[in-house]
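There are 2 protein chains.
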Amino acid sequence: MSFGGIEAGGTKWVCAIGTGPEDLREVVTFPTTTPDETIARAAEFFAGGASVAAVGIGSFGPIDLRRDSPTWGRITTTPKPGWASTDIGSALRAVLDVPVAVDTDVNAAALGEHRWGAAVGLDTFCYITVGTGIGGGGMANGRLMHGLQHPEFGHMRIPHDRERDPFDGVCPYHGDCLEGLASGEAIRARWGAPPEDNGDERVWSLEADYIALGLVNAICILSPQRIVLGGGVMKQPQLMSLIRARVSALLAGYTGARELGGDLADYIVKPALGDRAGRHRVARARARLGLSPVVT
Amino acid sequence: MSFGGIEAGGTKWVCAIGTGPEDLREVVTFPTTTPDETIARAAEFFAGGASVAAVGIGSFGPIDLRRDSPTWGRITTTPKPGWASTDIGSALRAVLDVPVAVDTDVNAAALGEHRWGAAVGLDTFCYITVGTGIGGGGMANGRLMHGLQHPEFGHMRIPHDRERDPFDGVCPYHGDCLEGLASGEAIRARWGAPPEDNGDERVWSLEADYIALGLVNAICILSPQRIVLGGGVMKQPQLMSLIRARVSALLAGYTGARELGGDLADYIVKPALGDRAGRHRVARARARLGLSPVVT
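Keeping their order, the protein sequence lines are chains A and B. Take 208 as the starting number for the first sequence in my numbering and just add one per residue. Take 208 as the starting number for the second sequence in my numbering and just add one per residue.
Be aware that one or more of the hints could be misleading.
Since copy identity is lost for identical chains, a pair holds within one copy or between any two.
Derived SDA-like pairs (lysine to any residue); straight-line CA-CA distance at most 20 Å [what the hints assert, rightly or not]: (1) Lys442 to Asn348; (2) Lys287 to Gly463; (3) Lys287 to Gly460; (4) Lys442 to Ala452; (5) Lys287 to Ala459; (6) Lys442 to Ser276; (7) Lys219 to Gly338; (8) Lys219 to Tyr380; (9) Lys219 to Val476; (10) Lys477 to Asp330; (11) Lys442 to Leu480.
These are computed hints drawn from the structure, not numbers from a lab.
My request is simple: use the sequences and hints to build the entire structure.
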């Protein structure tokens, strides 16, 4: 039995059909244009492909995930033009005629890491992605993090030393929240070059300090057993070790937990599934059908 | 059947016997002195009182709560003189000869609010206390928050504008973390007077801004359905409404969730059980015996 997965991103959508990360049978990627056009392309892909038992969608947000809500599956306040109030969940459910589950892109990725990757066996962990934007999700007590709606790690507030970094931040809502200061978009705006072209040591030292502050806050609030840290910006080779060292310095040995001592190499880790887009969403679809532990 | 509860604080311990908040039969309060003396007084109280089926302890920390840990029930790195590495859990379990459960003071209070107070029916919420120190805990997905160890809300990092507030903070580990800037101890050190004697508007405006930053970070990371906000500092009458207004301004309507619009009067609330110390711990003991939903 095959499942469908959609990574519904703000820049591109990836649709896939398969049974898991080692068995991905069909994949298509297309740019995110208007809601109608983008949703229609996804529907077309699944209509023309192998039949699927269910489809899981990992979407950008914020998105309404409350099952009893009249606006379930609807993107709420995104600054992405044309996409605010777009009903992703119901629109695809109506067209595809199979069960459709929707969650945030980061919760969908967290589910994949929990089932096949860097978070197997854990019940409380974070999945944080630093790319164009910054997102976070994960599991708490063995289930994906939802609560009132879903986490929005990127919009937490962190210390911002304006003498060292006078940049105002790029978040249209909050200016210098974590995403406003440390997303790929922020790096591009502050330094005038995209992250991947930046070899300047100051760029990555500042970036590591901001990400580390975000991770320390996640540790203080959630006490995760591990943090999986991915996204395009994390491809910068020296960044992971700079972040680990800075988190360790900021914690200053306070908690006394063995896992938070040492070099944090087993505590702050890369995603094991890497960027194999779409397959995390297959996990989401499987879960929706009760084929994996109930973690929705 | 009666249960015992202990609020093991850094300044005083409160021991109680009863069945719930409306039926608290014996209560004793004594100052926290040396570990040996303090634990002996608690044991003496229970030995001389009505028999209890189990005892629940809500303790200051950090404390090792991992059931499979050789140092379970032990306070780890507290700056309180003499108390680092104190084994509260096993020491009392050995003396009392009944099941003993240990959790953080804030998780114990959260459990009480969930069973009888301001968090009935919720599955994801925070309980935050602003007193001598700042602590936070709560439930995620219907169970008390533990993860790697337990949350330490007080030690998250928040923006600190040193032009407005040049105070360095009082946390011996982190200086100007949330607790370092906004605890009762910080108010006393910054302004030279204890919080309750301070009528200066600047004191409470600054305090509200710091607490609001902490709450916003908890919202971004956990997405709680409600925040219960207690502790001695919160007795300042104008503080709650200042905090609600500031949280609303900081969120800036980003999430789109209805509950986070408006005046937040139903979202950021006082504890319903107030300061009736000890009775939350009775809930903890009941839970330990399986007399309430398993939420440990």
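Results for each hint:
1. Lys442 to Asn348: neither (30 Å within a copy, 33 Å between copies)
2. Lys287 to Gly463: between (43 Å within a copy, 14 Å between copies)
3. Lys287 to Gly460: between (41 Å within a copy, 15 Å between copies)
4. Lys442 to Ala452: Within. Shortest intra-copy distance 17 Å satisfies the 20 Å Cα cut-off; inter-copy 40 Å does not.
5. Lys287 to Ala459: between (39 Å within a copy, 17 Å between copies)
6. Lys442 to Ser276: Answer is neither; intra-copy 38 Å and inter-copy 36 Å both fail.
7. Lys219 to Gly338: Within. Shortest intra-copy distance 13 Å satisfies the 20 Å Cα cut-off; inter-copy 48 Å does not.
8. Lys219 to Tyr380: Neither: 23 Å inside a copy, 44 Å across copies.
9. Lys219 to Val476: Answer is neither; intra-copy 25 Å and inter-copy 41 Å both fail.
10. Lys477 to Asp330: Intra 18 Å, inter 30 Å, cutoff 20 Å: intra-copy only.
11. Lys442 to Leu480: within (14 Å within a copy, 49 Å between copies)
Hints 1, 6, 8, 9, counting from the list given before, are not met by this structure.
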